[in-house]
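First to last, the sequence lines map onto chains X and Z. According to my numbering, the first sequence is numbered sequentially starting from 704. According to my numbering, the second sequence is numbered sequentially starting from 18.
If you are wondering where the hints come from, they were derived from the structure by calculation, not from laboratory data. Any given hint could be a false lead.
As the list claims (entries may be wrong) - Part of the chain X face toward chain Z, derived, beta carbon under 7 Å: (1) R748; (2) T781; (3) M925; (4) A929; (5) T934; (6) Q938; (7) E943; (8) L944; (9) T961.
From a predicted model like this one, the values you see are computed outputs, not experimental measurements. Heads up, the beta-carbon is just placed ideally off N, CA and C, and yes, glycines get one too.
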Amino acid sequence: MPVHDEMRDEGAVRPHYERFQHWLGRQGGETMTRKRAEADLLFRRVGITFAVNGDLSGTERLIPFDLIPRIIPADEWTLLDSGLRQRVKALNLFLHDVYHERNIVRAGVIPAEQVYTNAQYRPEMQGIDVPLGVYALVAGIDIVRDGRDGAFYVLEDNLRVPSGVSYMLENRKMMMRLFPDLFVQHRIAPVAHYPDLLLDTLRSVAPTGVDEPNVVVLTPGMYNSAYFEHTFLAQQMGVELVEGTDLFVEDNYVFMRTTQGPRRVDVIYRRIDDDFLDPLAFRADSALGVPGLLTAYRAGRVSLANAMGTGVADDKSIYPYVPDMIRFYLGEQPILNNVPTWQCRKPDDLAYTLAHLPELVVKEVHGAGGYGMLVGPAATRGEIEAFRTRLLARPSNYISQPTLALSACPTFVDAGIAPRHIDLRPFVLSGRTVRMVAGGLTRVALKEGSLVVNSSQGGGTKDTWVLE
Amino acid sequence: MLSRTADHLFWMARYMERAENTARMLDINLKERLLPGSGDSEARGLRAMLRISELEPAFDARHKAMTRESVLNFLVADPDNPSSIYSCLLAARENARAVRGTLTTEWWETLNDTWLQFAGQLRGDELSAHPDTLFEWVKFRSHLSRGVMLGTALQDDALFFTQLGTFLERADNTARILDVRFVEVDDPDSRSAARQLEDFYYWTSILSSVSALEIYRKVYRDVVTPARVVELLILNQQMPRSLLASLDGVCTNLALLTTGTSREVERTAGKLRAELLYSDLRQIFSIGVHTFLTQFLARVYELGNQVASAYLMLPVG
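So that you can see chain Z by itself, here it is in the shape it has in the complex:
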């Protein structure tokens, strides 16, 4: 398939996945507000969210005060923020439009319609009226586009590049969602009792944000502890949004796309996956969760670059 086509598909999938995960992250924040807590903790939460998406400088350049409204608007509806849900859904749609002939009709219409409806909801003020409904909607549109892809697309390179994009982005985003709390302190189990209770609600909402609360119960049949959350979201191969499961997805699709120039990227991905597969909690805590996640994010970034140079880059003619 054309390199340019592959590139558009890869980014189409990444943007859709990013929109979904941003919605998931914002949803946690929303739920946290329902708990008793200090205004201080809300500001801390907002700032952590920006920091984790590496958007703090961009936000500060545009807004004087950090209010819930300004952050929400920045992350959801701001066309000038390339990572806002608005920009992601538009970029997903524009990338899809550039290769709409490669997509099945239903697939393209789903992406196009998602964008049209989202823009309509923003105009209709859905963001300030029912943010939770809006985030839920974004999540379900992402489910829908994945479903329509799996249900209608030919299982060829186009599908593999799309899935590669999805899994790579998901690895990145899950790591970031998890990292929000560890930016502050590396070992949450060592903290005060009051903070630990607050944490309990926090980790529960983290789990539900990645649709993992029921999974947690099923896997551990025990109380929610940060250490187990870390284990579930990083190392559990059966948990579909964990780092290891995402890397499995990356490697599977890379194997289906193998060419003469793809050896290096397959090796990088395989190595990262193997390290997760044979890692354990103790090891992660001894490095420090935040440090571990930061290193992981750097390697995922590098992996993205290698995918580009193996398949997507147009040689300069």
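Here chain X stands alone, though its shape is the one from the complex:
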């Protein structure tokens, strides 16, 4: 099966990689090895490490960083940019709609039970007006390029607490430190202003009447796998990084405990899932949240980013309907493709899925992080049969999709430079307007032939260049 290679087209170097290829040709293998060691050392010293779920030893690991950038030419980025804006606008309109008028359900575009019996739907949010009507202020949209037709597909919309943006920023910093000459030779769109855009977006949703909002970042704490990113963003924005125990609610206002006494909090960029936000309302066993937060939030005294209840729009059972949403709310044709999806809750789709398991990717509707999924072509017969049993036990818990032959990008591996599969996660900020930095996080599956790019499963990252 031919695979779309980001750098080469049937052997010839694509125009947007020419300059880089020329540069790379002049670097010795030894230089690259030395630069990679230098990058490792720097990442470790800066402490850009993550903890792996299920690894109780608490060892910190580096996300492998690859020295060869993923380069996106200007015209492709223009397409991605408009497609992403369109998609995120529609998703936010959908969220507002399902918690208010429910037009899309009444019009019969999306079945009611798909929305209202969804575990991610928050009845507490019905009729609540969030500032600017925007729910997903920060969205991380996973995009892949199909290896056969070369077209971009949206794989997943992450609208809850998408992470990875710190790696986008740190990877760029690292590349500029290691190879400054490359940046002189290329015109690469900068990304370093992302924290400014983020802060501006967060400030734009301050509760009414608050002119100088106190914005904070809420983290589950230093043992969370994304803790580095939480501290990084708080520091870059110049705001406090708080844990649940630092906050308390009084008279429906949220305060943080400071050495100078209580100080009011207006906007919380929370990096904690809905379920853990308020032990009084959701999981009583949660030590991460703030008792009473939901009431304060519903009263409009504090803003959350993202809003509560965004999960209903990025759920895999809703995903197949996003193109319909775009048509319904915006009256436009979707610019970016959806991956064809079979919903196993439908008998026909289930039958098709069962008959084609070795070719398909089967995912849990609520899963994330590459856990609990079957990649048919990479699975053994035994794994497929075990999965079949799980699928039959709860068909509605699964969707299936054709296995996309993800495009590949040259990657510096032990054996030298070889193509490895990649995806892309750009970050879309929605406040008064929709804004993005040109770029995103490119993740790369370092194992030969592997399609799983998640860092928890041995994936690495690359710097992502959008050429101007």
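Since chain X is already given, all that's left is putting chain Z on it; use the hints.
Here is chain Z on its own, set in the frame of chain X:
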């Protein structure tokens, strides 16, 4: 600033200072071995070191025999001893990690790198091969973290809480280093000539362990006597590691942090400082140096509690 952040900074600084002072104390012990003396005196020295850090029971629970190796390992590399240099550098780093957004990048990287390098040196057997180099290294990493803080950090509450931690811990640690000898006898000047000669080398090494030998020469231009060492390390306001200078640091930073709830802790600190300021040697010797230091340590401990309740404690919600 967040109370939790202040708490992490305060303890980050205390642990780093404690690591430094433990290294300093161990260095004296190492130097003492170079002098002719009985095996008896070495065992006495080791035990005094443990006693002064209030670690004797913890050590005895874990080790049958008191050898130089076992004590060294316990105080330097034992992860189960919360006061070992290993634990201190790890705790300093973990506290820093919890508030790394508050620290400047260079500051955080210094603490992180100190921990990573220290762990590497232990793995590389530096402790048994070159303990003196290792202690020197720990001391210099502490200098470095202080320097990077002063050279890069905004002069705000974060800096004041950090310095508060440093000075409070230093007051405690200098008192303990000084107390090692007085645990045994209160008036060293009254002892036999042989013991006094041994003492001469001992006090010289005490002075160099707190980087005060040259200072001593400069201040007294006279032979080293225990009484003057006591004076220098307790009462000399210009000597940066003395109890009075440490209390000056505590009071200065408390004044910069003053809030509606901090009156009591400022009073306690101010009183302790004033007593040192208007005290003299005769008074200290009449109480007995060991007794004096023991009382001092209790009051520093109490001061730490008051800092916690004034600024750091999270009210139970």
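These are the hints, each one checked on the structure:
| no. | hint | result |
| --- | --- | --- |
| 1 | R748 | holds, 5 Å |
| 2 | T781 | violated, 35 Å |
| 3 | M925 | holds, 5 Å |
| 4 | A929 | violated, 14 Å |
| 5 | T934 | holds, 4 Å |
| 6 | Q938 | holds, 4 Å |
| 7 | E943 | holds, 6 Å |
| 8 | L944 | holds, 5 Å |
| 9 | T961 | holds, 6 Å |
Hints 2 and 4 from the list above are not met by this structure, while the remaining hints are.
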